[in-house]
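Chemist: Sequence:
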Amino acid sequence: MSRLDSFIRRLSAQRDILNTVANDVRMIEGPVLELGLGNGRTFDHLRELFPDRRIIAFDRAANAYGPSMPSADNLILGEIKDTARNFIGAEASLVHADIGTGYEDKDAVTLTWLPQIMAGTLRAGGLAICGLPLDHADLQLLPLPDSVKEGRYFIYRRR
Numbered sequence: 043m044s045r046l047d048s049f050i051r052r053l054s055a056q057r058d059i060l061n062t063v064a065n066d067v068r069m070i071e072g073p074v075l076e077l078g079l080g081n082g083r084t085f086d087h088l089r090e091l092f093p094d095r096r097i098i099a100f101d102r103a104a105n106a107y108g109p110s111m112p113s114a115d116n117l118i119l120g121e122i123k124d125t126a127r128n129f130i131g132a133e134a135s136l137v138h139a140d141i142g143t144g145y146e147d148k149d150a151v152t153l154t155w156l157p158q159i160m161a162g163t164l165r166a167g168g169l170a171i172c173g174l175p176l177d178h179a180d181l182q183l184l185p186l187p188d189s190v191k192e193g194r195y196f197i198y199r200r201r
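In my numbering, the protein residues as written are 43 to 201.
To be clear, the hints were calculated from the coordinates, so they are not data collected in a lab. Check the hints yourself; a few may be wrong.
[Stated by the list, open to error] Only pairs whose alpha carbons sit at most 30 Å apart, straight line, appear in this in silico BS3-like list of lysine-lysine:
1. Lys148 <-> Lys123
2. Lys148 <-> Lys191
3. Lys123 <-> Lys191
Take the sequences, apply the hints, and build the full model.
Modeler: The structure is reproduced here in structure tokens:
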């Protein structure tokens, strides 16, 4: 598969999953966390899905497209593994992370801290959506929408 097709499949999976879980998330109290703002595409989609919800984005640097930039009080800059730890106990309704690199060795390092942060920031019943598989006792793997190929993206519910 070409890198372009892989990119399109990844973004389609994000959109399809977010759209599928949106009604469930609306029924759960708490902020939405976006781990990895990037250029702001997913953040912008989250704003459309949850216009009345606080959405906090994390990234190393602010590189989002102007209209997709969070307000200063909803943008946390620095290493995500360090800054997001401050939000453990935040009782989030949804945490989304698309911070995988495609390099097994680099992603293995990310997976030493990401599952704990995602589980720790969610409230009971909250949802974690991630491009990497999360191994954590408090996260229950959920089925994907039919449009998303198994292993492309993952949905978990916080026990």
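Chemist: Give a verdict on every hint.
Modeler: Against the structure, the hints come out as follows:
1. Lys148 <-> Lys123: 13 Å, holds
2. Lys148 <-> Lys191: 23 Å, holds
3. Lys123 <-> Lys191: Holds. Lys123 to Lys191 sits at ~28 Å (cutoff 30 Å).
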